[in-house]
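What follows is the residue order along each chain.
Protein chains: 10
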Amino acid sequence: MSDFAAPDKNQLETFPNPRPGRDFTIEIICPEFTSLCPKTGHPDFGTITFRYIPGEVCVELKSLKLYLQRFRNEGSFYEAVTNRLLDDFVAVANPKRLEIKGAFTPRGGITTNVTVIHEGIQ
Amino acid sequence: MSDFAAPDKNQLETFPNPRPGRDFTIEIICPEFTSLCPKTGHPDFGTITFRYIPGEVCVELKSLKLYLQRFRNEGSFYEAVTNRLLDDFVAVANPKRLEIKGAFTPRGGITTNVTVIHEGIQ
Amino acid sequence: MSDFAAPDKNQLETFPNPRPGRDFTIEIICPEFTSLCPKTGHPDFGTITFRYIPGEVCVELKSLKLYLQRFRNEGSFYEAVTNRLLDDFVAVANPKRLEIKGAFTPRGGITTNVTVIHEGIQ
Amino acid sequence: MSDFAAPDKNQLETFPNPRPGRDFTIEIICPEFTSLCPKTGHPDFGTITFRYIPGEVCVELKSLKLYLQRFRNEGSFYEAVTNRLLDDFVAVANPKRLEIKGAFTPRGGITTNVTVIHEGIQ
Amino acid sequence: MSDFAAPDKNQLETFPNPRPGRDFTIEIICPEFTSLCPKTGHPDFGTITFRYIPGEVCVELKSLKLYLQRFRNEGSFYEAVTNRLLDDFVAVANPKRLEIKGAFTPRGGITTNVTVIHEGIQ
Amino acid sequence: MSDFAAPDKNQLETFPNPRPGRDFTIEIICPEFTSLCPKTGHPDFGTITFRYIPGEVCVELKSLKLYLQRFRNEGSFYEAVTNRLLDDFVAVANPKRLEIKGAFTPRGGITTNVTVIHEGIQ
Amino acid sequence: MSDFAAPDKNQLETFPNPRPGRDFTIEIICPEFTSLCPKTGHPDFGTITFRYIPGEVCVELKSLKLYLQRFRNEGSFYEAVTNRLLDDFVAVANPKRLEIKGAFTPRGGITTNVTVIHEGIQ
Amino acid sequence: MSDFAAPDKNQLETFPNPRPGRDFTIEIICPEFTSLCPKTGHPDFGTITFRYIPGEVCVELKSLKLYLQRFRNEGSFYEAVTNRLLDDFVAVANPKRLEIKGAFTPRGGITTNVTVIHEGIQ
Amino acid sequence: MSDFAAPDKNQLETFPNPRPGRDFTIEIICPEFTSLCPKTGHPDFGTITFRYIPGEVCVELKSLKLYLQRFRNEGSFYEAVTNRLLDDFVAVANPKRLEIKGAFTPRGGITTNVTVIHEGIQ
Amino acid sequence: MSDFAAPDKNQLETFPNPRPGRDFTIEIICPEFTSLCPKTGHPDFGTITFRYIPGEVCVELKSLKLYLQRFRNEGSFYEAVTNRLLDDFVAVANPKRLEIKGAFTPRGGITTNVTVIHEGIQ
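Protein chains in written order, with the working numbering: chain B, 1 to 122; chain R, 1 to 122; chain D, 1 to 122; chain U, 1 to 122; chain C, 1 to 122; chain X, 1 to 122; chain H, 1 to 122; chain A, 1 to 122; chain Z, 1 to 122; chain P, 1 to 122.
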C-alpha cells in the first residue's frame, strides 16, 4: 500500500480568512508526524505545532494533514525539516506571523525540539 | 425533542457592572460546546473560554449558556464560529477587552485552537 | 442542518471476528456523547466506554459512531441510556462479555457514572 | 448550630509588617469558601486567593478565616463578592498592591473565575 | 438567607429501577459537602461518593443534592455522618449493595477518609 | 528512501533465557507503532505493549524494533494486527505467557485499545 | 521552645465507635511526620498513613496528632518506628484490622516505604 | 537527642564563585523545612526555595542544610522567618540578586506562601 | 576518579529484623541505577525497586547503595542484571518474599521493564 | 569495561546551519547526565538542557551524547560543570545565544538547579 509521493507545498490548500481585518491566532497541533532519519533510515516521530496569524488566507486542515503524511517516507533532519515546513507554509499562505515547533521523540536518551518563527509584514 | 433554534445574539442578557469604575477580569469556561461540521454534518466539540473586562454591563451566565446551546444544530467552521462569538458578545456587552479561545477536540489526529481578541476603548 | 433521526440498533454494523477461537478484549472510548435531559431539555454530555470480548462478530467503529451521534437530540436519563446501549450492542453483536461505563459531566455539583455488565455464554 | 452573623470587615485583624521598608508578597489560598446564590438559595463554592504586598500592616490569618466563614449564609453574586472582598481588605490593611482571584466550581457546565486588582500608592 | 432545616431521610426521592432484573452500578460523586465540627463550630468540607447497585428503586439526584445541602448547618463527626448517610440511603432505597466514602479536607495537617459498606440481600 | 518490506516473523531473533528455571516478566513498551488503514490508506498510530514470561528464549529488542518498523507501509485493522503480533511472537519465542495491548490514537473522536493474551503450557 | 517529651502511647485518646456492629474503614493520612536519624542525628521526614477497622473504640484525631509530634526529637529507624506505631495503636484501640504505611523522603537518592499490618480477631 | 541550637547566619559557609565575571542563577529547593508556631507551639512545615545570582561567593549546600535544620525548635511566623532567611543569606553571601519563597503547608484550610526579593548592586 | 570495583554481594550488610515474628513489607526505590550495555559500551539507566518481607535480617540501606553504585562500570543486560540483583539479595538476606523491578529508560524508542520474584519459605 | 576518558570539547562535532540567515531555536534535553561528587566520590545525576540559536554551525547530537558520557567518571561540582559545558559549547559552535540548565537530583533532601546563559553577538 506504500504509495506516498514526496511532499509538495502545492498540496496545501487555502480558504479566505473569514475576518481579514482582525488579527487572530490559529494553533494546529499534529502529534502524528513521522519521517525517516537520513543517516540510519530508521523512522523518526514527533509533534509539529503551527501557530499563525492568517493574512488573506487560512490553511485548510485536511490538505495540511495530507501534506504532512507525505513526509512518511522522506529522509529529513530535525533542523532542516522544521525550517522547510515554515518555508512551504509561508510560500502558500503568507501569514502575518507563523511559529512552528517540532518536538521529536527521544533518541539515544536525548530529546530535541526545534522552534522556527516567521514574522510577516503586519 | 430537537427544537433548538439558530443562535441569536439577542439571547445574551446583561446586568449592570457592580464596580464600573474598576477594571477587573471575568473568565467563563464552557467545556460543553458542540456544533456541526458544515462539510460532513458530523458533530464537532470544544471548550470555549471567554475572558473579559466588563464595561458598563456584565453578561448573565445562564443566558450565555442558552445562547451557546443553540449552536448544537448549527453548521460552523472553527475559525468563523470563534470570530462570530466575539462579534456577538461585543455587540451586546461592549467590554473594555475580550479574549475568546475555542479549543476543539482532535479530528484526523489534528487538534485546532482559535484565539480572537477584541480591544475596546479603555 | 439538524436531521439526526432517532438512534436505531440496526445502525450497528459488524464484521467477522478475526480470531473467533481466542478470547480477546476490545475497548472503545467515546468521549463525545451528548443527549438531552428529559426533564429540562438541556444537553447532557459524557464519555461512553465499551469493553467487550467478541463472539462471532466485532462491531464496526464508524457505524458505532453514527449510532451514538443519533442520541444528540434524544431525551434520555443516565441510568436508562446506559442500559439501552448495552441492550442494543448485545442484540446486534452477541459478545461473550460486555461492560459499558457512562461517565457524565457534573450537574448541580454532582457527577454520575453508570456501569452495566453483560455476561454472555462463554 | 447555625449562628454565623453577616461578614464584617471589622473582623479582619492586622499586625505590624515585620519588614516595612521592603516590598514582599504574601499569597493566601482559601479553598473552602462557600456562600449562597441570591437567585436560587443554593450553596456556591470556590477558592479565594489573596496576593498582596503589605503596607504598614499584614492581615492576621485566623481573623481572615473567620471573616470568610461568615459568607456561609450570605447571598452573593460571583462578581460582586470578589469586589467586596477587595474593598474590605483594602479598607482594613491598605496594602501597596492586592490581587484577589475567586475561582468558583462549575454550574450548568460553566466555570467562572473573577480577578480583581487594587494598586495602592507605592 | 440561612433557612436550611435539619437533613431528613424523607427528602430522598426515588424512581423505579429501569432494569430491575440486571445488577448495575451507579456512582454519584458529591464534592461540595459541608457541615460543622461539633467541637469547634467551624465548617468542615469533604467529598461524598455513593456507589450502589439499585434494588427496586434508584435515588433521584436532585433530591439527594437537597438532602446533602441540609448538613450545611449541622454539627457532625466524620465517622458518624458517613454512617448516617448510609443508614438514610438504605432506609429509603434498599439497594442490593451500597458503599459510601467520605473524603474530608485536611485539619491540623491530617486528612481523614471514612468508608462504609452495606451489603443487602442479593 | 521507502524500502520497508512486509513484516516477517522470521525477523524476530531470540537469545537463551538467562534464568530458565525461574518465571519472571519482561514488559516491552513500543510507542512508535504505525501502519496504514486498509480502508482509507491513511496512517494509523499506536503504542504496542508486550508483557511476557519467557520460556527457553527471550526476544532480542533490536530485532523486535525492526520487525515492528515493517508495519509502516502495511494495511492492517486494529483487531487483526494485535492478534497477528501475538501469533508471530508465540511462533518464534514460545513464551509461558504473553499479553499484548495495542492502544491506538483517536479516530473520529473514538479511541480503541485491543488486548490479546496467550497462555502457554506452564 | 523545644519541650517535646518522648512519645507515649497513653497520649492516644479514644471515643466509642459510633456503629460498633458494622465494619467500616477509617483512613488517616499524616504527611507531617518527622523524627531524627539515630546514626547521624539529622532529621528524617515522611508521611504516615493509618487505615483501620475500629473495634469498640476509634482513635481521636487531635490526640494522634500530638502523639506523632512527640517523635520530633526522637531517634528512630524507619523499620522500627513503623512497627512501634502499630504496636502503640493496637495496645490502645484494639482495632479489628490496622495497616500502617510509612513513606519516607529520599536519602542518598533512595526512597524507603515500610508497610505493617495487624489482623485482629474479627 | 534534641540538641539543635538556635540558627545562626555564621553557620552559612561560602566558596569562591567559579565564574565571577558571568551572571548565572543557582536555585536551591529545600522541601524539609520545619519550625514551631510561636502562638501554639505546634510544628509548621514548608518548602524554602532560594534563587540567586552569586556575587563573589556561592553558599555551600551542606552548611545551608545545617543552618535550616536549626529552625526545628525555633518559634517563627511565616512572614518574619522568610525575611530573616533573606537577611542572613545576604549578610553572608552578598548575592547580586536573591529571591526566597517560603511555601507553607495548609493550616485551618488555608495555605500561605511568602516571597521576598533582594536586589543587590549589579 | 574512576575506581569502582565490580559489585560483590558481600557488600550487602544486614541488621536484625526489629519484629521477626511479624510479616511486614519494606520497599526500597533506587532511581539512580546505571550500568553499561555489553554490546555498545554505552551507559544504560534505570530505576530498581526492591519490595521484600524480611526474614531474620533486613538489608542496610547505605550498603545497598554502595553495592548498586558498583554496577556503574559493569556490562549487563536488563534481563540478566535484574535476576542477579535478586540472587545476591536472597543469598545475603534470605527474605520471606522479594520482588525486584528494573525499569529502564527508552532505547530506540522502546522501554523495557523486568520483574523478578523470589518466594521464600513462609 | 570502564574506559571513559576525560571529556574534551574537541569531541563536539558540528554541521553547517541549514538556515544561517534565520534565527531559530534548538532545544536538546539530556536526562542521563552523571558525574562524581569531588568531595565524596559518590555519583551525581541530573538533566542537562541546552537551548541555543545556532550561528554558522549546529552541534551534532551523537557527538554531544558521547561528550556528555565522558563526565561519567569525572569529579565535578554542580556550579562549575554547568559553566564548563557552556564554555565548551561556545568555543566549538559559537552560537548567537545559548542557555544551559543543569537540574540535579536531590541530595540530603535538597535539590539544586544551575542556569547559565551566553549572549553572543547577534
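Because the hints were derived from the structure by calculation, they are not lab data. Note that the structure is a prediction, hence the values are computed from the model and not measured. Note that the Cβ used here is the ideal one computed from N, Cα and C, for glycine as well. Treat the hints with caution; some may be incorrect.
Said to hold, decoys possible - When the alpha-carbon atoms are kept at most 27 Å apart in a straight line, the in silico DSSO-like pairs for lysine-lysine are as follows:
| hint | chain 1 | residue 1 | chain 2 | residue 2 |
| --- | --- | --- | --- | --- |
| 1 | B | Lys39 | X | Lys96 |
| 2 | Z | Lys39 | H | Lys101 |
| 3 | P | Lys96 | B | Lys96 |
| 4 | R | Lys62 | D | Lys62 |
| 5 | H | Lys96 | Z | Lys96 |
| 6 | P | Lys62 | B | Lys96 |
| 7 | X | Lys9 | Z | Lys39 |
| 8 | Z | Lys101 | X | Lys101 |
| 9 | U | Lys96 | U | Lys39 |
| 10 | Z | Lys9 | H | Lys62 |
| 11 | B | Lys101 | P | Lys39 |
| 12 | R | Lys39 | D | Lys62 |
| 13 | H | Lys62 | C | Lys39 |
| 14 | A | Lys62 | P | Lys96 |
| 15 | H | Lys9 | C | Lys39 |
| 16 | P | Lys96 | X | Lys62 |
| 17 | A | Lys101 | H | Lys39 |
| 18 | H | Lys39 | Z | Lys39 |
| 19 | C | Lys101 | H | Lys62 |
| 20 | Z | Lys65 | X | Lys96 |
| 21 | R | Lys39 | B | Lys65 |
| 22 | X | Lys9 | X | Lys62 |
| 23 | P | Lys62 | Z | Lys39 |
| 24 | D | Lys96 | X | Lys101 |
| 25 | C | Lys62 | C | Lys9 |
| 26 | B | Lys39 | Z | Lys39 |
| 27 | A | Lys39 | A | Lys96 |
| 28 | D | Lys101 | C | Lys39 |
| 29 | B | Lys96 | B | Lys39 |
| 30 | U | Lys62 | R | Lys62 |
| 31 | X | Lys62 | Z | Lys9 |
| 32 | C | Lys62 | U | Lys65 |
Unchecked claim - Residues from chain X that face chain R, not an exhaustive set, calculated with beta carbons under 10 Å:
| hint | residue |
| --- | --- |
| 33 | Phe45 |
| 34 | Ala103 |
| 35 | Thr105 |
Stated by the list, open to error - Beyond 12 Å from chain C on every Cβ pair, some chain A residues (computed):
| hint | residue |
| --- | --- |
| 36 | Asn10 |
| 37 | Asp23 |
| 38 | Pro43 |
| 39 | Lys62 |
| 40 | Leu66 |
Discussion item. For a C-alpha distance cap of 27 Å, please report whether Z:Lys9 and H:Lys62 respect it.
Written reply: violated (46 Å)
Worksheet item: Given the hint that R:Lys39 pairs with B:Lys65, does the C-alpha gap stay at or below 27 Å?
Response: Since the Cα atoms of R:Lys39 and B:Lys65 sit roughly 16 Å apart, the hinted pair holds (cutoff 27 Å).
Worksheet item: Taking only the CA atoms, is the gap from X:Lys62 to Z:Lys9 under or equal to 27 Å?
Response: Judged against 27 Å, a Cα distance of about 31 Å means the pair is violated.
Discussion item. Let's test the interface hint: is any C-beta of chain R closer than 10 Å to that of X:Thr105?
Written reply: holds (6 Å)
Worksheet item: Are the Cα positions of B:Lys96 and B:Lys39 separated by 27 Å at most?
Response: Not satisfied, since the Cα-Cα distance of roughly 36 Å exceeds 27 Å.
Worksheet entry | Satisfaction of hint between U:Lys39 and U:Lys96, Cα-Cα up to 27 Å | Roughly 36 Å separates the two Cα atoms, so the pair is violated.
Item to complete: Would you mind confirming whether the straight-line C-alpha gap from R:Lys39 to D:Lys62 stays at or under 27 Å?
Response: holds (17 Å)
Worksheet item: Is H:Lys62 close enough to C:Lys39, meaning Cα to Cα at most 27 Å?
Response: holds (12 Å)
Worksheet entry | Pair hint outcome, P:Lys96 versus X:Lys62 [Cα-Cα no greater than 27 Å] | violated (39 Å)
Discussion item. Please verify whether Z:Lys39 and H:Lys101 have alpha carbons no more than 27 Å apart.
Written reply: It is violated: about 42 Å lies between the C-alpha atoms, which goes past 27 Å.
Item to complete: Compare the distance between the alpha carbons of P:Lys62 and Z:Lys39 with 27 Å, and conclude whether the hinted pair is satisfied.
Response: holds (17 Å)
Worksheet item: Does the claim that A:Pro43 lies outside the interface with chain C hold up, using a Cβ gap greater than 12 Å?
Response: violated (8 Å)
The structure shown violates the earlier hints numbered 1, 2, 4, 6, 9, 10, 11, 14, 16, 17, 18, 20, 27, 28, 29, 30, 31, 32, 34, 38.
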